[in-house]
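The listed protein sequences derive, respectively, from chains A and B. Reminder that position 269 of the first sequence reads as 405 in our numbering, one-by-one numbering, no gaps. Reminder that position 222 of the second sequence reads as 261 in our numbering, one-by-one numbering, no gaps.
It is worth saying that the hints were derived from the structure and are not from the lab. Treat each hint with caution, since some may be false.
[Said to hold, decoys possible] Only pairs whose alpha carbons sit at most 16 Å apart, straight line, appear in this in silico EDC-like list of lysine to aspartate or glutamate:
(1) Lys270/A / Asp64/B
(2) Lys292/B / Glu230/B
(3) Lys399/A / Glu311/A
(4) Lys292/B / Asp323/B
(5) Lys270/A / Asp92/B
(6) Lys270/A / Asp342/A
Predicted model, so just to flag it, every value in this text is computed and none were measured.
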Amino acid sequence: MELTRDVQMDLHRRMVRIRLFEEAAGRLAEAAKLPGFLHLYVGEEAVAAGVCTALNDDDHITSTHRGHGHLVAKGGDFKRMMAELMGKATGYCKGKGGSMHISDLSLGMLGANGIVGAGSPIAVGAAFANKYRKRGQVAVAFFGDGATNIGAFHEAANMACALHLPIVFACENNEYGEFTRRDKTMAITDIVDRAAGYGMPGVIVDGMDVVAVHEATLEAVARAREGGGPSLIEAKTYRFYNHHGVQNLGLKYRSDDEVAVWKQRDPIFSFEERLIDIGTATAAQIEQVWADLRDDIAAAITFAEDSPFPEPDQLLVDVYTNRSPS
Amino acid sequence: MSERKLTYASAFNESVRQAMEADADVFAAGEDIGAFGGVFGTYAGLQAIFGPDRVVDTPISEQAIVGLGIGAAVTGLRPIVDLMFMDFVCVAMDQIVNQAAKLKYMFGGTATLPLTITTAGGAGLSAAAQHSQSLEALLCHIPGLKVVCPSNPYDMKGLMTACIREDNPTIMVKHKRLLGMSGIVPEENYEIPLGTAHIARAGTDVTIVAYGRMLNESLAAADQLAADGIDCEVVDPRTLQPLDTATIVASVKRTNRVVVVHEAVRFGGLGAEIAAQIQEEAFDYLDAPVRRVAAPFSPVPFTPALEKHYVPDALSIAAGIRDVLARPLARAAEQFAGS
Numbered sequence: 137m138e139l140t141r142d143v144q145m146d147l148h149r150r151m152v153r154i155r156l157f158e159e160a161a162g163r164l165a166e167a168a169k170l171p172g173f174l175h176l177y178v179g180e181e182a183v184a185a186g187v188c189t190a191l192n193d194d195d196h197i198t199s200t201h202r203g204h205g206h207l208v209a210k211g212g213d214f215k216r217m218m219a220e221l222m223g224k225a226t227g228y229c230k231g232k233g234g235s236m237h238i239s240d241l242s243l244g245m246l247g248a249n250g251i252v253g254a255g256s257p258i259a260v261g262a263a264f265a266n267k268y269r270k271r272g273q274v275a276v277a278f279f280g281d282g283a284t285n286i287g288a289f290h291e292a293a294n295m296a297c298a299l300h301l302p303i304v305f306a307c308e309n310n311e312y313g314e315f316t317r318r319d320k321t322m323a324i325t326d327i328v329d330r331a332a333g334y335g336m337p338g339v340i341v342d343g344m345d346v347v348a349v350h351e352a353t354l355e356a357v358a359r360a361r362e363g364g365g366p367s368l369i370e371a372k373t374y375r376f377y378n379h380h381g382v383q384n385l386g387l388k389y390r391s392d393d394e395v396a397v398w399k400q401r402d403p404i405f406s407f408e409e410r411l412i413d414i415g416t417a418t419a420a421q422i423e424q425v426w427a428d429l430r431d432d433i434a435a436a437i438t439f440a441e442d443s444p445f446p447e448p449d450q451l452l453v454d455v456y457t458n459r460s461p462s
Numbered sequence: 040m041s042e043r044k045l046t047y048a049s050a051f052n053e054s055v056r057q058a059m060e061a062d063a064d065v066f067a068a069g070e071d072i073g074a075f076g077g078v079f080g081t082y083a084g085l086q087a088i089f090g091p092d093r094v095v096d097t098p099i100s101e102q103a104i105v106g107l108g109i110g111a112a113v114t115g116l117r118p119i120v121d122l123m124f125m126d127f128v129c130v131a132m133d134q135i136v137n138q139a140a141k142l143k144y145m146f147g148g149t150a151t152l153p154l155t156i157t158t159a160g161g162a163g164l165s166a167a168a169q170h171s172q173s174l175e176a177l178l179c180h181i182p183g184l185k186v187v188c189p190s191n192p193y194d195m196k197g198l199m200t201a202c203i204r205e206d207n208p209t210i211m212v213k214h215k216r217l218l219g220m221s222g223i224v225p226e227e228n229y230e231i232p233l234g235t236a237h238i239a240r241a242g243t244d245v246t247i248v249a250y251g252r253m254l255n256e257s258l259a260a261a262d263q264l265a266a267d268g269i270d271c272e273v274v275d276p277r278t279l280q281p282l283d284t285a286t287i288v289a290s291v292k293r294t295n296r297v298v299v300v301h302e303a304v305r306f307g308g309l310g311a312e313i314a315a316q317i318q319e320e321a322f323d324y325l326d327a328p329v330r331r332v333a334a335p336f337s338p339v340p341f342t343p344a345l346e347k348h349y350v351p352d353a354l355s356i357a358a359g360i361r362d363v364l365a366r367p368l369a370r371a372a373e374q375f376a377g378s
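Sequences are here, hints too, so could you generate the full structure?
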């Protein structure tokens, strides 16, 4: 691992931020304090953190229905995120988007997305704009293994390659499309096999290893910035909770043993062992990261709970943009 | 005002060219629009002027074409993306309906989408059921979209300019049968504000509401009826979403009778919405039920022998007008017979 101590601690901190936010959201959902759907990112933290730590603040990402982790990794504010999950006026989307549409355009996060595969064409547009303006920015499209079975992904991948755009396709292969195992929905084992069909390089990384994800992204992002066109990264990962929510609900679509095996490879705890082994951080320093961020989460929950709901007169606001007088 | 004449297609082309000259953030992308100039020639010559990076040939990928426009718009450009035929909006429906129309609202107002989607609608070319539809009602039903259907070259240029300058996703529907229509079009750029109807012909006896090619058929019907002393007012909404209900209602209050014409199928078409709004706003002014003249509830047929019976024309529009003019008399006759 040749990464600087700052980068290593940044990777760790981003993963812990995601874990704490998601665990807190899960507890609030169990307490029936969050309306609507909740797709938790726990278990996949190394992917969002490893990718986003390789990006600049003004690079763009598109996300998925499991989008909290991407926004946290891009620098999302806990308070505005938690308020949005509660449907409050102080939330990122003023309570109009919720978990599935959480976004912060100022951080280049172009939205979680309730439609599987729909983010990739939008990322292509952001990449086009970046190339058009010669801004040196790149776009990353996050998507799951299931999204590679839908047409929008294929159209986006082909167009990005045909137009030679500065984009990285980041696949989170968590082995399940909702409740159906991947091998029942596609005849290939590795999503990366699809990359060759569009004429872009593809690489498989261990999605539980934040350094591996980060280093693969650095290479793909450098290629994109230098005019080398698109790349695909397949991160093999796993979601520790169900497709949505936190409770098992007696669902038998995957075995307890399978979940247990993946949890032994927890991306955060395994990285912490490495940080201690190589002398990057002490156990006490790592614990302090958690403690500080727990305080931030508690403050965010208080902020969200104390925030007002939007007034009824906000119902029709922001359906359209009104032109400013010219 | 300049007396120069342009075709409907050239008026569109000139609007795009002038917008691209004025604003470096404007670009165009779509199937065959670059080197080939578009299958209807509406983008002809633009790639030669602005280059392949600003007039972009894309794969046949309607979802990605619209997604390209959304992503570029939300990150600061002002895209024009073309879907060759209006039927193909169905291929891109998720990107149009679930993405473009909703991002601003879902994101709490932080997103702005100055996106124009251009397409070609309408029957009359024996293009059969997948290349002839008028699907504007589907699009008008979606909050967040604007929908424009010009009926002549002058309106085409002014409305297209407004679409490009608009900060919301807007769908410009070119009518395929109007591409060669010639009319006076000023060379200087100008804008017709979206949501403003135009009274194409003033009259006192009956209001006809029609757009796109049906506006021209309605004017022809009005000419025929004038010979019989029937004085039609013809209102062209020009923009269907937002709809200029006020101009339509004001006309109905003057004439007390109304016929709505479109070449989309009648069931659930714009005529249903316009009729509903008229009865909400001007029920007491009506001397006859609102009459719709529209296509029957079937796919568009291929053979000219059937297609000519499918699309309304001046004759069927005139028949509809005679019907609403006769209705009060027919009712009076029934009442007389029953008394």
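Please write out, lowest number first, the hints stated earlier that are contradicted by the structure.
2, 6
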